[in-house]
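Colleague: Sequence:
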Amino acid sequence: MSEHSADLAQNIRKAAAQLGFAAIGFSAPVPQPLAIQRATAMVHEHRNGEMHYLESRMEERADPSLLLPSLQTIISTAISYNYPLKRQSGFPKISKYALIDDYHTVLKSQLEKLLAEIETLVGEPLQARITVDSAPLLEKNWAEEAGIGKTGKNTLLKVPSAGTSLFLGEILLDKAIPSSKFTLPNYCGSCDECLTHCPTGALMEPGKIDASKCISYLTTELKREFTEEEAAMIGDWMFGCDLCQEVCPYNQHTTITASGAFRVREELVNISTERVLKLTRSEFRKLFYGTPIFRIGLRRLKRNARAVANNLEKAEKI
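Numbering (our numbering), first residue to last: 48 to 365.
Everything labelled a hint here was simulated from the structure, so no lab data went into it.
There are no misleading hints in this set.
Restraint-style ranges between C-beta atoms, simulated for each label pair:
no., residue 1, residue 2, range
1, 357, 166, 49 to 57 angstroms
2, 232, 357, 39 to 47 angstroms
3, 310, 225, 30 to 38 angstroms
4, 102, 225, 29 to 37 angstroms
5, 357, 168, 52 to 60 angstroms
6, 134, 171, 48 to 56 angstroms
7, 180, 57, 24 to 32 angstroms
8, 172, 54, 17 to 25 angstroms
9, 134, 310, 13 to 21 angstroms
10, 271, 75, 37 to 45 angstroms
11, 97, 54, 45 to 53 angstroms
12, 255, 61, 32 to 40 angstroms
13, 138, 333, 17 to 25 angstroms
Since we're looking at a predicted model, the values are computed, not measured.
Every residue, glycine too, gets a C-beta built ideally from N, C-alpha and C.
Can you make the complete structure from the sequences, with help from the hints?
Modeller: So, in structure tokens, the structure goes:
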């Protein structure tokens, strides 16, 4: 590694820290056969539910240079949304990531600023592509390759000092930056808390998930109406699910907290199912615009609210 390359990587890390990123790393776009094998197995075993986009563009997942022909480095980043939250019992739960401004918009903006900093550091414009869930890229795999984290038993990336409450984003770059890959420890050890507490059995075994049974999938990705079984499965979660993160001991000792780029929508934290079910389209837009919840639309949010209201009513009678 040249002194110039080392200085560049270090200066990029400093710029990323100033922009609020919890972690950043660099990897070369080399073949990742095991990652592709896992992605293909999920589709072949029908564990992707209605997420049919996971079935396509496998060539690009296997070869990210198809996304940027001049690609030399994948910059992987993680930004935290770990913030304190006080939920009241008897109200529907919304995942923490959905109670803040939509991460697609916020993280893309931060990555654009980071790219501008990188171009300033190298003294010339670069060929680049920014991705935030917007390209067929195996994000967790490249994050591991860059040495910023390790995938846990709950299938989420664990980053030292930051835990799992993270959004991932990448910059594909035509500039060679030395790889920061190094072997991280298995942070899970013998702990099986996430597997034990997953109420639907979506976490089949360490590191393997059946998304079609995941509460987060059911409430955010599934477009049709629930079956009776699915409606019962979501419990009191109206959007998303944080259970496998909440029970994770590693997340109890994080020191990196939410980036200041995110604004918590306090008015949504303890919103009632009754209020949601009475919302008009204009009221829905006013309340949820700019959050991940807005993406599923009012019909699906009310579908979720009806199921949660029924589940809460049944729970009160027990």
